[in-house]
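Please model the entire structure based on the sequences and the hints provided.
In our numbering, the protein residues as written are 1 to 289.
There may be inaccurate statements among the hints.
[What the hints assert, rightly or not] Here are the simulated lysine-lysine pairs, PhoX-like style, with alpha carbons at most 20 Å apart:
#1 190 to 273
#2 130 to 145
#3 29 to 218
#4 190 to 29
#5 29 to 273
#6 190 to 26
#7 181 to 152
#8 245 to 218
#9 227 to 265
#10 272 to 29
#11 181 to 265
#12 227 to 190
#13 145 to 181
#14 246 to 227
#15 272 to 190
#16 245 to 265
#17 152 to 164
#18 190 to 218
#19 227 to 273
#20 272 to 26
#21 181 to 218
#22 273 to 245
#23 164 to 130
#24 245 to 227
#25 246 to 145
#26 246 to 273
#27 181 to 246
#28 273 to 26
Worth flagging that the hints you see were computed from the coordinates, not collected in a lab. Since the structure is predicted, the reported quantities are computational estimates derived from the model, not experimental observations.
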Amino acid sequence: MARTVSPLRYPGGKTCLAEMVSYILKLNKLERGHYVEPFAGGAGLALTLLYGGEVSDIHINDIDPAIYAFWFSVLNHNRDFLDMITYTPVNMHEWHRQREIFLQQDIRDPLSLGFSAFFLNRTNRSGIIKGAGVIGGLSQEGNYKIDCRFNKEDLISRIERVFKYKDRINLTNEDASSYIKNKSLLFDEKVLFCIDPPYYNKGSSLYTSFYDAEDHQKLSEAVMGIKCPWIVTYDFVPEIQNLYKKRRQFGFDINYSVQKKRIGKELLILSKKLRMPESLGLEPVELCA
Numbered sequence: 001m002a003r004t005v006s007p008l009r010y011p012g013g014k015t016c017l018a019e020m021v022s023y024i025l026k027l028n029k030l031e032r033g034h035y036v037e038p039f040a041g042g043a044g045l046a047l048t049l050l051y052g053g054e055v056s057d058i059h060i061n062d063i064d065p066a067i068y069a070f071w072f073s074v075l076n077h078n079r080d081f082l083d084m085i086t087y088t089p090v091n092m093h094e095w096h097r098q099r100e101i102f103l104q105q106d107i108r109d110p111l112s113l114g115f116s117a118f119f120l121n122r123t124n125r126s127g128i129i130k131g132a133g134v135i136g137g138l139s140q141e142g143n144y145k146i147d148c149r150f151n152k153e154d155l156i157s158r159i160e161r162v163f164k165y166k167d168r169i170n171l172t173n174e175d176a177s178s179y180i181k182n183k184s185l186l187f188d189e190k191v192l193f194c195i196d197p198p199y200y201n202k203g204s205s206l207y208t209s210f211y212d213a214e215d216h217q218k219l220s221e222a223v224m225g226i227k228c229p230w231i232v233t234y235d236f237v238p239e240i241q242n243l244y245k246k247r248r249q250f251g252f253d254i255n256y257s258v259q260k261k262r263i264g265k266e267l268l269i270l271s272k273k274l275r276m277p278e279s280l281g282l283e284p285v286e287l288c289a
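In structure tokens, the structure reads:
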């Protein structure tokens with residue numbers, strides 16, 4: 001599995017799909033074009049493709065104000081953000097302080113809000129910002145301590161690398177369904193939408209901005225209206241299969257860690273004319289009755 005280049009840890013992050021998406025881009029003659037993620041999160045896959053020269057520009061969107069504030073700060077207040085990493089202690093007193101900043105959700109100060117999300121992401125179990133608890137526990141008696149995922153030198157290096165590409169990174173903070181409808185009308189050149197929504201199951205326990213059944217329905221309608229090439233990845237559940245029953249679906253395995261290591265099966269859905277590389281060996285799945 002590819003080592004993530006994102007500064008964030010994300011439940012179900014799709015960096016490991018970089019090779020598969022690269023094959024899809026090449027087969028469909030979409031390489032060196034634009035790449036769009038309406039649910040950016042950690043943006044690990046987008047950054048991997050950008051750094052590797054597979055795409056020329058990335059468009060990352062996230063409605064979560066704290067995640068947006070993180071990326072906004074990295075791109076627009078980079079030196080201040082790096083100084084905060086350097087000089088902020090990683091201990092329980094600071095964890096409580098950053099948690100309070102995060103809970104206030106003060107969008108007037110994106111640097112502080114973005115850093116609080118980053119700090120909690122790097123110090124909470126599995127990178128879950130909301131409700132997962134700190135690595136090592138409040139008493140810090142666990143086998144791993146609060147700072148085990150907070151290698152300052154490595155994180156600074158990752159964030160400096162993002163900043164080097166800032167002119168090729170387009171950031172927005174919009175509702176994903178509206179973003180998809182509006183953004184898909186802007187391209188008359190090579191583009192691929194990669195849509196990775198919150199999981200249908202357990203979404204509320206993993207993400208600060210999660211979806212209910214109505215939201216998933218609304219999203220599917222927006223996706224089905226996209227005229228340019230797209231792929232969607234989801235957890236493998238009948239409800240999602242049914243929403244996208246008019247499009248080709250494939251099952252694939254993904255390394256996935258939330259509290260315990262396992263390999264989970266997920267669903268890959270393709271737009272109408274997008275070609276799937278046979279070399280990937282993915283088998284089409286049948287709709288559940």
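Evaluated hints:
Of the supplied pair hints, the one linking residue 190 and residue 273 holds, its CA atoms being roughly 14 Å apart against a limit of 20 Å. As the CA atoms of residue 130 and residue 145 are separated by approximately 19 Å, the hinted pair is consistent with the 20 Å bound. Proposed proximity of residue 29 and residue 218 is contradicted: the alpha carbons are some 30 Å apart, above 20 Å. For the suggested pair residue 190 and residue 29, the alpha carbons sit about 8 Å apart, so the restraint of at most 20 Å is met.
With a C-alpha separation of about 12 Å, the suggested pair residue 29 and residue 273 falls inside the 20 Å cut-off, and the hint holds. Distance hint between residue 190 and residue 26 is fulfilled; the C-alpha atoms sit about 11 Å from each other, no more than 20 Å. Between residue 181 and residue 152, the direct Cα distance comes to roughly 39 Å. Violation of the 20 Å bound is thereby established for this hinted pair. Among the hinted pairs, residue 245 with residue 218 is consistent with the structure: their alpha-carbon atoms are about 15 Å apart, no more than 20 Å.
Between the alpha carbons of residue 227 and residue 265 the distance comes to roughly 28 Å, so the proposed pair goes past 20 Å and is violated. Between residue 272 and residue 29 the CA atoms are separated by roughly 16 Å; this keeps the pair inside 20 Å, and the hint holds. With a C-alpha separation of about 29 Å, the suggested pair residue 181 and residue 265 falls outside the 20 Å cut-off, and the hint is violated. The hinted pair formed by residue 227 and residue 190 meets the criterion: a straight-line CA distance of about 12 Å does not exceed 20 Å.
For the hint linking residue 145 to residue 181, the alpha-carbon distance of about 44 Å lies beyond 20 Å, and the restraint is violated. Using a Cα cut-off of 20 Å, the hinted pair residue 246 and residue 227 holds, with the two alpha carbons roughly 15 Å apart. As the CA atoms of residue 272 and residue 190 are separated by approximately 16 Å, the hinted pair is consistent with the 20 Å bound. Under the criterion of a C-alpha separation no larger than 20 Å, the hint pairing residue 245 with residue 265 is consistent with the structure, at around 18 Å.
Only pairs whose Cα atoms come within 20 Å are accepted, and residue 152 paired with residue 164 is accepted, the gap being roughly 18 Å. With a CA separation close to 26 Å, the supplied pair residue 190 and residue 218 exceeds the 20 Å bound. With a CA separation close to 10 Å, the supplied pair residue 227 and residue 273 stays within the 20 Å bound. As the CA atoms of residue 272 and residue 26 are separated by approximately 17 Å, the hinted pair is consistent with the 20 Å bound.
About 11 Å separates the Cα atoms of residue 181 and residue 218, which keeps this hinted pair within 20 Å; it holds. About 15 Å separates the Cα atoms of residue 273 and residue 245, which keeps this hinted pair within 20 Å; it holds. A C-alpha spacing of about 30 Å is found between residue 164 and residue 130, which places the hinted pair above 20 Å, so the restraint is violated. Of the supplied pair hints, the one linking residue 245 and residue 227 holds, its CA atoms being roughly 17 Å apart against a limit of 20 Å.
Proximity of residue 246 to residue 145 is assessed by CA-CA distance (about 48 Å); at most 20 Å being required, the pair is judged violated. Note on residue 246 and residue 273: the hinted pairing holds, with a Cα-Cα distance of about 13 Å set against a maximum of 20 Å. Distance check on the hinted pair: residue 181 and residue 246 sit about 19 Å apart at the alpha-carbon level, within 20 Å; holds. Distance check on the hinted pair: residue 273 and residue 26 sit about 14 Å apart at the alpha-carbon level, within 20 Å; holds.
Checked against the numbered hints given earlier, the structure breaks hints 3, 7, 9, 11, 13, 18, 23 and 25 and satisfies all the rest.
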